[in-house]
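Asker: Chains as they are written, first to last, in my numbering: chain A, 1 to 519; chain B, 1 to 313.
It is worth saying that the hints were derived from the structure and are not from the lab. Nothing here was measured: the structure is a model prediction, and the numbers come from that model. Keep in mind that the hints are not guaranteed to be accurate.
Unchecked claim - Between beta-carbon pairs, the in silico distance windows are:
(1) Phe-88/B - Thr-114/A: 41 to 47 Å
(2) Thr-381/A - Ser-171/B: 38 to 44 Å
(3) Gly-224/A - Phe-88/B: 35 to 41 Å
(4) Thr-448/A - Leu-75/B: 38 to 44 Å
(5) Thr-448/A - Gly-32/B: 38 to 44 Å
(6) Trp-152/B - Thr-346/A: 38 to 44 Å
(7) Thr-400/A - Leu-306/B: 28 to 34 Å
(8) Asp-361/A - Val-21/B: 39 to 45 Å
(9) Gly-66/B - Ala-319/A: 51 to 57 Å
(10) Ile-247/B - Asn-415/A: 46 to 52 Å
Note that beta-carbon positions come from the ideal geometry of N, C-alpha and C, so glycine has one too.
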Amino acid sequence: MKSRTPFAAAGLASVVALTLAACASGGGTTPSDSSSAPAGGGSDRGGTLTLGILQEPQSWDPAQAHVGHRLQPFQLAYDSLILREPDGTLAPMLATDWSYTDDAKTVLELNLRTDVTFSDGAPFNADAVVANIEHFKTDNGPQAGMATAIDSVTAVDADTVDITLSEPDPAMEYYLSQALGLMGSPDSLGTDAMDRLPVGTGPYTMVADKSVVGSQYVFVARDGYWNPDLQKWDEIDLKLLPDVTARVNALVTGEVDATLLDGTTFQQAEGAGKTLLEYATDWQGLLLFDRDGTLNPALKDVRVRQAINYAFDRKNLLAQLGGGKGEVTSQVFGPDSSAYVPELDTYYTYDPAKAKQLLADAGYANGLTIEMPLFTPGGETILTFVAQQLADVGITVKQTQVPIADYQGELGKGNFAAAWFSLFQGPTWVAYQQLLSDTTLYNPFKSTSPEIQAAAQALRTNGDDAEAAQALNRYVTENAWFAPWFRPSQLYYYDASKVAVVAQVQMAVPSIYNYSPVS
Amino acid sequence: MLTMILRRLASGVAVLIVVAVLTFVLLNLSAGNVARNILGDQATPDAVAAKNAELGLDQPVLTRLGDWLSGAVHLDFGKSFFTNEPVFTAIGSRLPVTLAMVIASILLIAVFATLLGMLAAVRRGWVDSAVQVLAIVGNSIPGFVIGVLLVWLLAITWQVFNAVSNISPGSGVQTWVGSLTLPVIALVINGLASAAQQIRSAFIRQLDQDYVRTLRSRGISEREILFKHVLRSAAPAGLTVLSLQFIGLLGGVVIIESIFAIPGMGRLAVDATTKGDLPIVMGVVIYTVVVVIVVNLIVDIINGWLNPKVRVS
Chain A
1 MKSRTPFAAA GLASVVALTL AACASGGGTT PSDSSSAPAG GGSDRGGTLT LGILQEPQSW
61 DPAQAHVGHR LQPFQLAYDS LILREPDGTL APMLATDWSY TDDAKTVLEL NLRTDVTFSD
121 GAPFNADAVV ANIEHFKTDN GPQAGMATAI DSVTAVDADT VDITLSEPDP AMEYYLSQAL
181 GLMGSPDSLG TDAMDRLPVG TGPYTMVADK SVVGSQYVFV ARDGYWNPDL QKWDEIDLKL
241 LPDVTARVNA LVTGEVDATL LDGTTFQQAE GAGKTLLEYA TDWQGLLLFD RDGTLNPALK
301 DVRVRQAINY AFDRKNLLAQ LGGGKGEVTS QVFGPDSSAY VPELDTYYTY DPAKAKQLLA
361 DAGYANGLTI EMPLFTPGGE TILTFVAQQL ADVGITVKQT QVPIADYQGE LGKGNFAAAW
421 FSLFQGPTWV AYQQLLSDTT LYNPFKSTSP EIQAAAQALR TNGDDAEAAQ ALNRYVTENA
481 WFAPWFRPSQ LYYYDASKVA VVAQVQMAVP SIYNYSPVS
Chain B
1 MLTMILRRLA SGVAVLIVVA VLTFVLLNLS AGNVARNILG DQATPDAVAA KNAELGLDQP
61 VLTRLGDWLS GAVHLDFGKS FFTNEPVFTA IGSRLPVTLA MVIASILLIA VFATLLGMLA
121 AVRRGWVDSA VQVLAIVGNS IPGFVIGVLL VWLLAITWQV FNAVSNISPG SGVQTWVGSL
181 TLPVIALVIN GLASAAQQIR SAFIRQLDQD YVRTLRSRGI SEREILFKHV LRSAAPAGLT
241 VLSLQFIGLL GGVVIIESIF AIPGMGRLAV DATTKGDLPI VMGVVIYTVV VVIVVNLIVD
301 IINGWLNPKV RVS
């Protein structure tokens, strides 16, 4: 559920950033013939909005949708069953209401709108939902895991669907507001045509002959869309600009109206009078995988893991690696999750003396060595800081180079006892699944404990059980299962004379619904 | 002449096959994490295994190579792992942009380098020194620095050109010119310098030859000697330099395309390589080898036409 690649984060420290892993030009004088906005078009919509995007969809099949950067484009052409408001509240969309019909929370019943059609003319109904969810389960997309708990989907009647789960999944309603909830026209699902052209019920349709893979996508408002409130523009163009220099140039010249920048480029946008939207979606720091000491016996000792946490000067790391934009923290759960405990942000402070003492107590007074992967290109700066700070307390970091394209894969193979990463901070259950479950890439040694099991059990039936969630958070923080440093800010800049933008909680870029024209 | 062309073509095909096979094997030996990259960190190991099977990455390298080769002879290079775009389409839509940029640059470099080189060789003295100094300066500033400066000055400050490319299917000439002018200037400044240097020395060598003295002694005008005789004799050296420049530009566009967000081959190549998009990388390699072979062949043909001695050798 990570929204960015390590490379994107490392872009803060490198000049040429490439990514893997988030209108009528305002300038007026800039030549631009791709933007013949139908000035208002007689509606109260806002002309053409142009966004600079970092990643493009791999396919327009909704089962291949992802999170963050690779969810936003899908929202143009597809509605989801449930709408996630900017603050995270779930609201009706294609489903008018929904509830679990049993106490065990294994049957989720959704009532559907009856006035919706797909852009190919097919009606949206319960059969369409069944077709979509079944397709999602078998199409092996990036988010296929969202459907793991789904046992069966049945159409109760034309506008009612029952989703039956093999075990409770507290994030199911959230998933239905994300990739799992995107509804494509049943006839097109899984076809090659859908790889190239989306067919949904959404507010916009893609203009195929103006859209080019690797370059730009053009969407126009769909006539007769059921919810004009969400259809705020006549046209939305997505310009793929993986290079941050190109993004800032395009923003400053008005060739895009809004885009995500980084710590090396934001001053230029500030200078050009663009408006900042600042929010955090990730945490960065070390994952201390080997809590059982399988690969590196030293990490089995909680004092060693705590010593690592005390060794880092988080404020300095934030200043050096995150351009000073963000908040330091010692916990892996984000402020928008039920597990968040404010005082855990400062649980570990910079205290090399204490770190040395803990290492001595654990029997490592003479130091120890930990092997960590260094992704190239781009990871050099980060690992240099890690190595320096840990060397100060007597820990030697052995750096092993891993090509950036192989980094994630290598982490999951259990070849490293610890590694740097930038990870998404989702709702509690999603974060638990990502960080602590025994199936996640980020728990290669499948470490667990009775305390974690107990909390997981409580959360499984109630994902927002704050008591269990916070107990879980305290446990992993106090026992130093990770060494988080900070929550870096996403620096999203936009032209406030043209568009108003609201941040979307737990999403790398705002939802497409969050951009409103400024009249 | 025909024998020469056929011989060159045959050796070109041999080179193409060797490069393709070597690249394919090397790439596939290190393709262990492609499925994980496509699916992202949320995918379970089973999902990753299923994706590997879907992409055929669970097959032995030689089987994959056989499949790829049998497709390649029918010009079917497969589909991108990451965007599902057929390799042929992916390259087909980006090639015109890159070629337009590179060909425009090389033509400008050819014209200006010849004029500057001739001027320096004929006039010598301060003109020569000035050209030399300019050549060194132009050569020592990296293309991307020139690119960034041009964007800052002409796109951001004066807003004459686009900062990022606007090219899309059906774009008019105006968009192409607006989007490619700055990148072409950046490429030309960089390439012009060394080409002018080489052409200058080729000219000086020719001007020292006996036949020039003989021609002069017959009272033939300096202008005719220069353009009809010396230019023709100096051309092979110049052409070789330009052909190397052309191939160099194919690499040089990589960074320029990133800075200007131009949807060309360079960006495609970098993107595919970082992500491990094997079908696209293979397509790019084939394209590059073909371009190198074709450019060399064209240069040989022109040289043969200019200089009969080359035809027999």
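Asker: Of all the hints numbered above, which does this structure not satisfy? Sort the numbers upward.
Answerer: 4, 5, 7, 8, 10
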